[in-house]
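**Q** Here is how the chains run, residue by residue.
There are 2 protein chains.
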Amino acid sequence: MPRTVVIMSGGIDSTTLLYELIAAGHIVKALSVNYGQRHCRELEAAAHLCTTLAIEHQQIELSATRELFGGNSLMDFAAPIPAGEYSATTMPQTTVPNRNMLLLSLAIGWAISIDYEGVAFGAHAGTTVTYPDCRPEFAAAMHQAALLCDWQPIAVLAPFVTWTKGDVVRRGASLGVPFEWTWSCYQGRERHCGICGTCIDRRRAFIAAGVPDPTDYES
Amino acid sequence: MPRTVVIMSGGIDSTTLLYELIAAGHIVKALSVNYGQRHCRELEAAAHLCTTLAIEHQQIELSATRELFGGNSLMDFAAPIPAGEYSATTMPQTTVPNRNMLLLSLAIGWAISIDYEGVAFGAHAGTTVTYPDCRPEFAAAMHQAALLCDWQPIAVLAPFVTWTKGDVVRRGASLGVPFEWTWSCYQGRERHCGICGTCIDRRRAFIAAGVPDPTDYES
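Protein chains in written order, with the working numbering: chain H, 324 to 542; chain F, 324 to 542.
Hints listed in this document are in silico derivations from the structure and should not be mistaken for laboratory results. Among these hints, one or two may not hold up.
[Said to hold, decoys possible] Straight line, CA to CA, 20 Å or less: simulated EDC-like cross-link-like pairs of lysine to aspartate or glutamate:
1) 352(F) / 438(F)
2) 352(H) / 379(H)
3) 352(H) / 384(H)
4) 352(H) / 367(H)
5) 352(H) / 390(F)
6) 352(F) / 384(H)
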């Protein structure tokens, strides 16, 4: 059975990815990275989900990257989180530069050190704009690099890379993903704010999928 | 003029790379990463060299990666450092898994955030064995990924990737690199030990290049 490290944020996409790979017969471990996010609600969600699945969950603290990558609202505590849906203007404000390459490099390094054959990440197409490092051609390039970075080739899996978030929710529903335990909101409050870019994406994905949204939104 | 982030360890290769790019007209900043090495002698060397060149030098503390990548002698303080020249057996013991992808991901992220066009690393061919993530095909794959990881393409430069370390020393000598300020040894003592794999590589490179070795070795 393939052994795969899953990059796990605690959101809908990476949680559905975890369920998808388990359903496909993979042996999995999960990796979450604190790269200096404003809050840790999503990491708590990831830990809770892994505990319920009895999956090893490694968390790594890399908030020192904040010194390098300051200036976006996910990491700079002084910058406001933009409200409303993503656009080409607001998306860079919530983007950690080169985040997926950094996460993949750590996951691949861990896979090498524990003798796993692959890593997986939950990249998918955006509803309005797709993050550059979620595009199929980026995932393919990283797969090539991962085949060469060590004597042992590592595969980079991105099974949702051509899907919309609605497609991911539909698949998650069929796999029994407990969406109510996943966390998307950029605000770190008790409940999802309902109005930041990622909350809007979350709401629309459930509507697009025709799946009841169990999320408790503030508004 | 191209603006380039140089991954700087404080050793011969990355120091020569810095001099090479400056000579070629690049505007440069240097990035050093503490990913949990046994000692910081090489980071001190990097800082000193950048100060003398009046180059901005960013250091980032990522020693938390030790939790993920334990078990090799560069990072695991309980593991012995193998003496003698590198071989296919001892090299993995001194390898941080997927180190160059991790370093490149950070350098690329920084380049994006400061609007630089490229990153450079000092990969070159080994005398006996080449690290897998120093091979030309790995550098080419990372270049492809870096062109795609953001809206702004980033170039990955590895001008020494087909050179031997002797070739690097020869070029460094012609560029006036102060080799006596560079640090290679895996031991973190006052002087280079002279007998670990990287000291042996260092000594041989000067001999191969026909350049006087200014290093103060213990033995």
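**Q** Hint by hint, note whether the structure agrees.
**A** Here's how the hints hold up against the structure:
| no. | hint | verdict |
| --- | --- | --- |
| 1 | 352(F) / 438(F) | holds (12 Å) |
| 2 | 352(H) / 379(H) | holds (5 Å) |
| 3 | 352(H) / 384(H) | holds (17 Å) |
| 4 | 352(H) / 367(H) | holds (16 Å) |
| 5 | 352(H) / 390(F) | holds (15 Å) |
| 6 | 352(F) / 384(H) | violated (25 Å) |
Violation of the numbered hints given earlier is confined to hint 6; every other hint is satisfied by the structure.
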